[in-house]
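Visitor: For reference, the chains in residue letters:
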Amino acid sequence: MSDSQLYVKGDNKITKPALYTGLVILLAILPLFVKSPYYLNVCILTFTYIVAAVSLRVILISGQTSLAHAAFMGIGAYTSAVLAKELGWTPWICIPLGALVTTGIGILVAFIFSRVRALLFGMLTIFFGMGIIYVIQVFSKWTGGYAGIMGITPLFGISKVPYYYFFLGITVVSLLALYRFEFCRIGKTLKTLDQSYLVASSVGIDEVKTRVLAVGVGSFFVGLIGAAYAHYTLVLSPTSFGVLQSIYLVMYVLIGGLGSFAGPIIGTAVLVIIPEAFRGLKGYSPFIFAGLLLIINFLMPQGLVGLPQLIRSRLEHRKGKGGTHAP
Amino acid sequence: MLLEINKLTKYFGGLAAISNFDMVVNELEIVGLIGPNGAGKTTLFNLITGVLKPTSGKVKFDGKDITGKKPHVVAELGIGRTFQLNPLFADYTVLENVAASFNLRPKSSYVDAYFNTATYRKNEADILNQSLEILQLVGLDKIQDELAKNLPHGYQKMLGIGRALAVKPKLLLLDEPLGGMNSDEIDFTMTAIRKTRQRGVTVVVVEHNMKIMDLCDRVIVINFGHKIAEGSPKEVRGNKEVIQAYFGVAHVA
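Protein chains in written order, with this note's numbering: chain S, 1 to 327; chain P, 1 to 253.
Lysine-lysine pairs mimicking PhoX-like chemistry, simulated, CA-CA at most 25 Å apart:
| hint | chain 1 | residue 1 | chain 2 | residue 2 |
| --- | --- | --- | --- | --- |
| 1 | P | K170 | P | K58 |
| 2 | P | K64 | S | K209 |
| 3 | P | K70 | S | K188 |
| 4 | P | K53 | P | K170 |
| 5 | S | K188 | P | K122 |
| 6 | S | K209 | P | K69 |
Derived by calculation from the structure, the hints in this document are not laboratory data.
Let the hints inform the model, and build the full structure from the sequences given.
Guide: Right under this line is the structure:
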């Protein structure tokens, strides 16, 4: 996918696309074998949060610690749901509109918040996230307030299979779009801000413009998936988009690995599926998350993504082939 | 005149870090800016490049008033700089550090970049060639794929200069380029700065190391935000006030 010599890291030019294509084909034929609506539901939720986490990572790598990403997902979801319900428009129009409204609000907020960095920026996004919940409450006539909104226009019939393909489709397209975004000059520029905004601006990188661009792109995709999600669950409650959910999204990225594109994909898959598999443990998830974060920090600095490499180098070490670590 | 600073003043609270400072830099000069710690040299760089906004006074560059302009705009107008503590794009390789600094005046837009058009690919190839040329100049071409954070200090300083050159500056501001270098590295850096001037770049250099004097056409001495002396390196060396600023007042009976 990467083109110019500058950004090619070498060896895995062929293996990686082949691996990903194989994975998508596998996911595409999955409903032929898995008929249970429960498992399909878990898959759809995983797809949803994968897009949310990968789009959040775009914002994080531009040096902006956003703790409002779930709120942006909520903006997309509520916009699309209310438009469809109140105006009777088809979800096929409301979903793109939801994404666009989210992008617009994202750009506006990013522009205002671009005056601050680091902790202050994070705090502001938390208040923004709390504020959105309040706004949903204020407009309870349309949004249903804390009780939630019900009876949202469905996209398809009762069967989960069309939903499965729809969400798989959005996910694959979103990931391809975001991958290209990161691995061309745009992404390279974005990442300079996280490393040193002082140096970046000294070489002529417009900090505000670049930050707003990152949030704009991130909020478009999370708005899109949020809007689609609304017409799948058919019921929305503000708690799904609160600050806690935003923190979980950050966790998906951190545990999977902030440093690589696959990080949030793996992180989300693991952290959405594990609690579903061990439902009895769900109440302990804060402890599990904190524990995982510690383990990652101490043992796998690159996140779950680095696990295969870590195991490989440990094994080589044991065989006495040590000292081959890349610099 | 490439750079003209007029009555520049900067207060931090009640303290004047720079006061009523005048300075002129002519094209293709190498000007040294020396003075004890806390004299206001770095503040002056930050005021010129827009990292700080002056309390009063004017900065003119290449005929344009750049007072209080944002750093990225100042860079665009043709001022490159390095930093004393030398922050880097630490997780990028040496080559990526320079290449990412070629963001100005790109010959391809973000849309080109996203859709990988022929224009973009050609532009990227150009950037690669120019980056390699810069790395040769600063002597880092052999370690272009090393991560910047893994470099020894002296190399990091050179990388800072390389990155600043990617801006294609008319004026280069170097903040303690020799700091923490051994004598071989110092010689190499001084040569690189000379070569930079040959490429048509004017240089202002802040430095503690008096060796820098060999390089300068003119030296300006600052203390407590004031200019206390200006002249050729030879003149400044003999200046009484300068000696006092550095070594204290001599009590000769």
